[in-house]
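Here the protein sequences come in this chain order: A and B.
Residues 346 to 633 in the working numbering are what the first sequence spells out, letter by letter.
Residues 51 to 821 in the working numbering are what the second sequence spells out, letter by letter.
Just so you know, these hints were derived from the structure itself, not from any lab.
Please note: incorrect hints may appear among the correct ones.
Stated by the list, open to error - Mimicking BS3-like on lysine-lysine, the simulated pairs with C-alpha atoms at most 27 Å apart in a straight line are:
| id | chain 1 | residue 1 | chain 2 | residue 2 |
| --- | --- | --- | --- | --- |
| 1 | B | Lys657 | A | Lys389 |
| 2 | A | Lys389 | B | Lys733 |
| 3 | B | Lys657 | B | Lys452 |
| 4 | A | Lys509 | A | Lys484 |
| 5 | B | Lys819 | A | Lys389 |
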Amino acid sequence: MHAIERYVRPGSLEEAAEILRAGNVTVLAGGTDLMPQTHAGRVKFQSVLMNVRRVPELRGIEEHGGVVRIGALVTITELRESALVRERLNVLWQACDHFASDQIRNAATLGGNVCNASPAGDTLVPLLALEARTVLASKPNGSLETRRIPLDKFFSGPGRTLKKPSELLAAIEVPLPPQGFVGEFYKHGTRPGLDISAISIAVGAQLKGKVLNEVRIAFGAVAPTPIRAPRAEAVLEGREADAATLEAAAQAALGEIHPISDVRASDWYRRELVRNMLKRVISHVGQL
Amino acid sequence: MGDIGSSLIGKRIPKLDAPDKASGKTRYIHDLEAPGALHAKILRSTEVHARIVWIDTAAAKRLPGVHAVITAADVPWQRPIGVAKDHLPLKTDRVRSLRDEVAAVAADTEEIAEEALKLIKVHYEPLPVLTTTDEALAPGAPQLHEGHANNVAMTFDYAQGDVAQGEAQSDVVIEDVFRLHYVTHCCMGVSGVIAEFDPGGSLLLYSNTQVPFLHKREFAEMLGIDPGRIRIIQPPIGGGFGSKLDVYPFEPIAIFLARITGRPVKLLFTREEEFLASPTRQPVVLKLRSGCKKDGTLTFRTVETVHDNGAYTSWGATTPFVMMQTVSSLYRVPHCKYHTAAVYTNNPYAGSFRGYGNLQATFAVEAHMDKLAEAVGMDLLAFRLKNAQEPGEVTPQGMHFKTCGFKQCLTTAAERSDFVAKQAANRARWRDANPVKRGIGIASMLHVGGGAKIYPSDGCGTILKVDDFAHVTLITGASEIGQGSETVLAQLVCEELGLPLSAVSVVNNDTDITPWDVGVHASRTTFIAGNSAIGAARKAKAKILAAAAAKAGVPVETLSLSQGFVFSENKKLFELGKFLRGLHFSDRAELVMTTFYYEPPSKHQDKQFKGDVSAAYAWATQACEVEVDTLTGIVRLLKVTGAHDVGRVLNRLGIEGQIEGGMVMGMGYALTENLVVENCTVKNPNFRDYKLVTAPEMPEMDISFIETMDGEGPQGAKGVGEAPAICMAAAIANAIYNATGTRIYALPFTPENVYRALHGAAQAPAWGKAA
């Protein structure tokens, strides 16, 4: 049996990093993924359970010099209630609005959603489209160090990331998108809420008239990790979203995804959804 | 008499148990603690079909806190259970499905019991697996049960007229195959039981069963004891919907453990177990051939079905009883032929579920009503009205529709939903550019509404006590499973005795106290237990009025009960409590305590399945409006317009709740719920992947009551419990066709299934091997 031998509750990032360095730590934040996963036996508790909820450095949403820093402990509800997120990172805000239920949103943290690294993770797809990066903290040689990894390099497989066991995700940094940047998040589930995405799409672009610039497209649940779709972006860049362009973008996207069949959808249906819904979402964005 | 003061009939009466449930005070079986109780867990098979070579329980028995680890070898006296007695609670030498019970543990805590399960070693020798009925029917297929050489568990055949003649008279003949899927009840309260023996060997069982008196007998046979030594108490039940009509292995297993340990034993399912080891609705492949004349007169219907029975036989196999009624008698059809084979496979087994086969039969029949109407160029409503049953009809199957509001249901639902105009408008938009389409569909249903005489008696007993404060205790055999029967029964008694609702308590959950009742099924409780309660109340009233007449020296005909008084014409004669005290405490003391047993005037069916099986029949029409996104396959149910022949509304709030709940259950069956069974394995045993309908999906509901005042019903009422779930899927299927021009023959209408059908990528249901 994997029993928890010690429960720790660090009061600072330094302290948390110190505990991580010693090893055999399970990190607990909101617990909305960890608890069901350990209950189902998919994740085993390490001997130390570290509750990071009292670490003040992991909180807050702030903008400095064109970068929005979102602390790893910020809950989905806090994101949803943030004017900054709603106004400047609207595509992320939309994903938070579609995220699970009120109870889950109140507990679930952005950092937890990122570290859980689900291919279907709702916030990951808009964060990819917003070109976010992770801020990882560790204390390898007695002093606190941080490194940054762009989100599109961060995920290495379903449930896997480049974060080392000795590192703690401290924050997500999102460069402010250019003025006039608009976006849309689409999540396909079988019901309006409380559902895991069969596919999800985030599209962002800067509109000049009807011409799309700075096009960014990301998908969830169609590959082992959430992904960007650079070839589909390239098709759209500098163009209007007319029918031929939409079709070409959709075809490009189909070459970039690798969906599987599971209890929620077949690979065939996921591809159909990507084609149909990417066109629908882009045409919405093109008219914003 | 008794019409002084206001009647409660038809009013909006909150359910008597609502305050407790809303405030969290209700103590379900989960909340009950028997002092000294052990906690039990069941080890289930990890193989779909296998021979059990050996079971090693030694390590589990050594775990501290474990009091008993049992296998079939420890209970050689166990007996087969279930509808066909083909099912041992603990399996001996063979498992036939993944839910199969191999061993069980009783321990100090649930956690210890769980740990002990992990220490039990079972060696299996896998056997060939029958994943489909086709495989089970194939020549040379392994035989799952002795005495069933071709794996056919049961067959049902019904015929009226001559279908060949009917077909010869037809101008249009169509044939289709329909496929109906697995769903399960999803009771919010998971299954559970507490078993306790007293030192003398009598059994006390806290059970969620819907049929306590029938179970008493089954358990007595199993234990080899007198049924009189078994007492069943039902705590408030967290949902039934038909799931609790059979004996399931967990109940005898808890009883075995209690007997072996001499301690009370509590066994509760986990939610995952509830999905894996509960009965399902009967999955069916159904072939329907029907015809009509140019003028729209139906000529014949031939139905063949294959029921995937699963590994054991429960009530699902017997749903043809109800299916053939819809086939033969919802509409007038002179010639009918019906055949079902229930076939053993290694899949989960099907039980009874609200509607009892009628959802499946109605789905097919109402699809053909649309298709035949279209084929002869008739309006969908007019075609149905032409063939709809009318009051007074005795159908070839022997059902006598003494009251029948079917045509009113049809016209009311159609008018209130603007069905005819919307149908035409929607069809006109089939080819326009908008990928989001609208559709409206209509379907109707016939179901028993006055009990169903399938046991020797379809009756219910009542004991009614009026105490010396004029408080009434209504002791009824009928169980409350959330359907609101307590409230309706109390209302009916109040109506007879002229008392307010607060003057009645209902006792309905203890076989040592309550008189016999066949159980909660077949939408029968309001009708049967209601008539029984009325009978007892009338006897009490007669007794009181006779005594009052004697005391006052007036003719009894001038007396009535109202507002808690004995009235003489319009004058208050005696305050009822005071009068009763006088009666009790006199020299010739009299208690006002009466009994009544109501047996409905229905008949058993004969061997050809003919006979007037219910004392009344319920009707309903539902019109469903949908929006179909053809680019995703998502179907949104926007509005349901239902018209229900309920005989008479007794509790308006209660009946609205029953109908709304039933509509949503039928909606879930059609659109979202799907127990995914692949290779005999349930793939989604949780509420994340098994999608119940949630609040934002609720459609607008417009419900009309057609009050036909049934002469046999309590205050004119008919049963309504199952009715609202029955024709939803059929109406939604017709609505999807109206929206898109695509008819889908297989449930459920989940987005991917609908998308596949709309884009020609669906596999149409195929008629496999017939048996």
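To see whether the hints hold, each was checked on the structure:
1. B:Lys657 <-> A:Lys389: violated (60 Å)
2. A:Lys389 <-> B:Lys733: Roughly 23 Å separates the two Cα atoms, so the pair holds.
3. B:Lys657 <-> B:Lys452: holds (24 Å)
4. A:Lys509 <-> A:Lys484: holds (12 Å)
5. B:Lys819 <-> A:Lys389: violated (47 Å)
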